[in-house]
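With the sequences and hints as input, model every part of the structure.
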Amino acid sequence: MFKNKKYKKYILLIILIFYLFITIILSTIKQNLYYNLINPFFWFIFLIYINFYHENRYYKTLINKKIFQYTFIMSFIINIIYFYLGFIFGFSKNPYNLSFIMIVKNIFIELILVIGLEELRYYLIVDNKKKKLLIFIITLLFIFSELNYYQVYSNLFLKKELFKYFCAYFLPLIGSNILFTYLTFKTNSPIQIIIIVLEKLFILLLPILPNLDWFTIGSIGLLKDMIIYFIFKYIFTKDKKVFRKKYKNSFVLIYYAFTLIFATFLISFMLGLFKYKPITILSNSMSPLYEKGDVVIYKKYNMEELQEIPINSIIVYKYKGIYISHRIVDKIKKNNLIYYVTKGDCNNTVDDDIVSLNQIVGVYTFHIKYIGYPTIWLNTYLNTE
Amino acid sequence: MRGLKFIIISAFLIAIFIMSVGYSLLSTELDITGTAKIVGKWDVKISNVEVKNSSIKKELIMPNFTNNSITFDVELNEPGDFITYLVTITNSGTIDAVLNNFIFFADEVNGSSEILFKTTEVDKNLDVGQSTSFEITITYNKNSEEIPQVNTKTITGIIEYVQKQEI
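Here the protein sequences come in this chain order: L and B. Number 636 marks the last residue of the first sequence (this note's numbering); no jumps. Number 170 marks the last residue of the second sequence (this note's numbering); no jumps.
Heads up, a few of these hints could be off.
[Said to hold, decoys possible] Taking beta-carbon pairs under 10 Å as the criterion, some of the chain B residues facing chain L (in silico):
1. Thr38
2. Glu53
3. Ser58
4. Glu62
5. Pro66
6. Thr74
7. Thr87
8. Leu89
9. Thr93
10. Ser95
11. Phe105
12. Ile106
13. Ala109
14. Gln133
15. Glu169
[What the hints assert, rightly or not] Below, a list of computed lysine-lysine pairs in the DSSO-like style, where the Cα atoms sit at most 27 Å apart:
16. L:Lys344 - L:Lys356
17. B:Lys167 - L:Lys571
18. B:Lys127 - L:Lys344
19. L:Lys410 - B:Lys167
20. B:Lys44 - L:Lys571
21. B:Lys44 - L:Lys415
22. B:Lys61 - L:Lys571
23. B:Lys121 - L:Lys410
24. L:Lys281 - B:Lys167
25. L:Lys571 - B:Lys55
Simulated from the structure, these hints should not be mistaken for lab results. From the three backbone atoms N, C-alpha and C, an ideal C-beta is built for every residue, glycine too.
As structure tokens, then:
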């Protein structure tokens, strides 16, 4: 029965559904046992089964084609760029234990999971290529089987944390699963194993990693999937001359390029990589100049420039965890340090605390009306019980 | 020929990468702080801070905290005034953790010398799914007889966990 091809397809689908089921149940009630023992053991048994009862059709494809080389180089470059983000955002210690034994253990657990999952995806996709709806369902099952349900349940009633988890993890998870299904479909091989393994090795072996917040992690994750998709789309085109001729005068190529460039620019702008950065105004303290829902664009100043800000300029500064944008009304010197006295245009009195140079993030340049309202609505939603 | 090109390009990239890692580790200008976030896998963080007890009657400003650091900006007016905070750390990831760093320090330059603090201990081991908590009590020295120029202080805590060695 196990050698019958039709039954093999059903068995693999049942295995995926069963894996999703045990992930949902065991990852919430027996987390430690599940992640350290049950999960790696499950995939270990699966790999033994798959190698005994299914033909190894893709190894020759994987090793002989230039796709392997392209994938390796591209993945390596992407990981280097990811590491270089640490020079912009700072580095943090790698939380993984870097002793030899723990490196071996971590690599074993991670690789077993990756190879098992992607081999399962390969056999399910390649055996059902003509059934697009089934491929869609299979991709969905993979997405939900990779979720950390304990994290989801822990944050279920903490709207802010759930939102961050959704942006940093769930959205990139959707993007990468769509990409991996696409790659398996096009190459008839689980070529994405190279992409994932390289990424895992970077994370497991480096002593320091970029110190990225949830927004950067999520947006970089999605951007990376888009870039890999466009590169492979070009690689898969059989005749490059026909491809160039087809897209030479075509709007589509411009559209793809514009999408990528615009996405990269927007993410970089939001992250503050440029000299100018936006913040949304949450109160009317500076009315009538700008009000709640407007977006202020401020210019970042270095320490020397911060000491010379003229009175009546509007500064953006951090105060007890939030950003405030008020006008400078006075400048004082205390213990040889410069401080600014600030006041909202619409307030009757100056602000309670003086502002030190360390608190200031920049100086107002201009504002855009109303475009901050989606942020206001989201902020209201995340902060209500 | 293609194989040779591939080897050369790979070697070039590996060399660039090794140089980058070496530079980031050895450079004194780069700050290496805290433990990195690995979404979906490593998730040990301060999950909750609440006031356990206080002699202050007015509403207190809650401290700001990130995954592994917390900052208290306190204002105490009279000798004997105190605030006790309860800080909870949770491991919601998939990796068992062990305490690597637990330090608290105060801004003695700008803050009041009469405001003191002490903390209870925190659990060294924090396995997947577990939570632990500690208390920090900030007090205005009850034996103080001087009238200080400032009655505020900023106290910062760093709580770092790393993966537990299990073999």
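Results of checking the hints against the structure:
Restraint check, B:Thr38 versus chain L: the minimum CB separation of about 4 Å is within 10 Å; hint holds. Interface hint at B:Glu53: violated, since its Cβ lies 14 Å from the closest Cβ of chain L, which is beyond the 10 Å cut-off. Hint on B:Ser58 is violated. Least Cβ distance to chain L is approximately 22 Å, over the 10 Å limit. With a least beta-carbon distance of about 13 Å to chain L, the hint placing B:Glu62 at the interface is violated under the 10 Å criterion.
This hint holds: B:Pro66 has a C-beta 9 Å from the nearest C-beta of chain L, less than the 10 Å allowed. A hinted interface residue such as B:Thr74 counts as satisfied when its beta carbon comes closer than 10 Å to some beta carbon of chain L; here the least separation is about 9 Å, so the hint holds. For B:Thr87, the shortest C-beta to C-beta distance to chain L is roughly 20 Å, which exceeds 10 Å, and the interface hint is violated. Interface restraint check: B:Leu89 against chain L, minimum CB-CB distance 17 Å, threshold 10 Å, status violated.
Nearest Cβ of chain L to the Cβ of B:Thr93: about 7 Å, under the 10 Å cut. The hint holds. The interface hint given for B:Ser95 is met, as the beta carbon of that residue sits about 5 Å from the closest beta carbon of chain L, less than 10 Å. Because the beta carbon of B:Phe105 sits about 15 Å from the nearest beta carbon in chain L, more than 10 Å, this interface hint is broken. Checking B:Ile106 against chain L: minimum C-beta separation of about 15 Å lies over 10 Å; hint violated.
The closest approach between the C-beta of B:Ala109 and any C-beta of chain L is roughly 17 Å, which is over the 10 Å cut-off, so the hint fails. Hint on B:Gln133 holds. Least Cβ distance to chain L is approximately 8 Å, under the 10 Å limit. At about 7 Å, the closest approach between the beta carbon of B:Glu169 and any beta carbon in chain L falls short of 10 Å, and the interface hint on this residue holds. This hinted pair checks out: L:Lys344 and L:Lys356 have alpha carbons roughly 19 Å apart, not beyond 27 Å.
Restraint check: the Cα-Cα separation between B:Lys167 and L:Lys571 comes to about 34 Å, which exceeds 27 Å; the hinted pair is violated. The straight-line distance between the Cα atoms of B:Lys127 and L:Lys344 is roughly 18 Å, inside the 27 Å bound, and the hint therefore holds. Between L:Lys410 and B:Lys167, the direct Cα distance comes to roughly 30 Å. Violation of the 27 Å bound is thereby established for this hinted pair. A C-alpha spacing of about 30 Å is found between B:Lys44 and L:Lys571, which places the hinted pair above 27 Å, so the restraint is violated.
Distance restraint check for B:Lys44 and L:Lys415: the Cα-Cα separation of roughly 15 Å lies within the 27 Å cut-off, and the hinted pair is therefore satisfied. This hinted pair checks out: B:Lys61 and L:Lys571 have alpha carbons roughly 18 Å apart, not beyond 27 Å. Our distance criterion of 27 Å between C-alpha atoms is broken by B:Lys121 and L:Lys410, whose separation comes to about 33 Å. The hinted pair formed by L:Lys281 and B:Lys167 meets the criterion: a straight-line CA distance of about 18 Å does not exceed 27 Å.
A distance of roughly 21 Å separates the Cα atoms of L:Lys571 and B:Lys55; the hinted pair therefore holds under the 27 Å criterion.
In this structure, the earlier hints numbered 2, 3, 4, 7, 8, 11, 12, 13, 17, 19, 20, 23 are contradicted, and the remaining ones agree with it.
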